[in-house]
Amino acid sequence: TQLLEQSPQFLSIQEGENLTVYCNSSSVFSSLQWYRQEPGEGPVLLVTVVTGGEVKKLKRLTFQFGDARKDSSLHITAAQPGDTGLYLCAGASPRDDKIIFGKGTRLHILP
Amino acid sequence: DAGITQSPRHKVTETGTPVTLRCHQTENHRYMYWYRQDPGHGLRLIHYSYGVKDTDKGEVSDGYSVSRSKTEDFLLTLESATSSQTSVYFCAISGPSGGESSYEQYFGPGTRLTVT
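Which chain is which? The protein sequence lines are C and V, in order.
Note that the first sequence covers residues 1 to 111 in my numbering.
Note that the second sequence covers residues 1 to 116 in my numbering.
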């Protein structure tokens with residue numbers, strides 16, 4: 001069974017600080033997605049990474065896919081209260097095409 | 001935002017009663033999914049569909065059935081609801097219209113179901 005482990009589970013930091021959250025697996029994924037979910041709403045897609053070593057930027061958010069396509073990280077620069085939410089990673093298995101989700105990192109940015 | 005709606009948004013029902021949740025899309029996406037989200041478990045796939053009348057089981061399919069008679073509608077049925085099925089249920093869609101699968105999913109707003 002493929003698992004996606006996200007760390008940390010919870011993170012509370014002050015506005016303006018930088019942070020990194022991680023999504024790790026022992027298995028290879030053909031692609032990986034990051035989502036953000038706010039209370040009472042469904043997850044919203046942020047980015048897809050496909051190539052090993054790929055880096056994508058979305059304003060203050062930087063996403064990286066590991067060289068071996070087994071892990072990914074999300075770095076937020078100068079966090080703002082609007083970044084608060086649950087961040088989920090999801091991977092598509094190259095073996096059976098099924099998508100699995102990590103349990104998420106719950107981020108809280110204090111003003 | 002992808003055109004995807006869920007109904008009802010909230011439901012309270014009694015143990016042993018049947019419940020049907022509806023997911024409706026206006027995007028003509030081929031793939032549709034039902035997930036449940038619970039504290040400590042994250043999002044878990046219940047069933048998914050890869051076309052009209054084509055469905056398959058996910059990770060936690062016991063106690064659930066699905067049907068897809070039209071591209072735009074995907075129904076999730078709890079034949080006899082149990083308290084362990086209290087959860088938030090999300091529908092998702094993926095894939096370019098009528099084409100091959102895409103791993104990028106677009107989620108509905110969710111249905112909060114309470115079984116008493």
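Mixed in with the good hints, there may be bad ones.
[Unchecked claim] Here chain V is said to cover these stretches of chain C; the calculated rule only asks that three of the stretch's residues, wherever they fall, bring their Cβ under 8 Å from a Cβ of chain V: (1) 39 to 48; (2) 69 to 78; (3) 101 to 109.
Derived by calculation from the structure, the hints in this document are not laboratory data.
Ideal placement from N, C-alpha and C gives every residue a C-beta, glycine not left out.
Now the hints, each set against the structure:
no. : hint       : in the structure
1   : 39 to 48   : holds (count 7)
2   : 69 to 78   : violated (count 0)
3   : 101 to 109 : holds (count 4)
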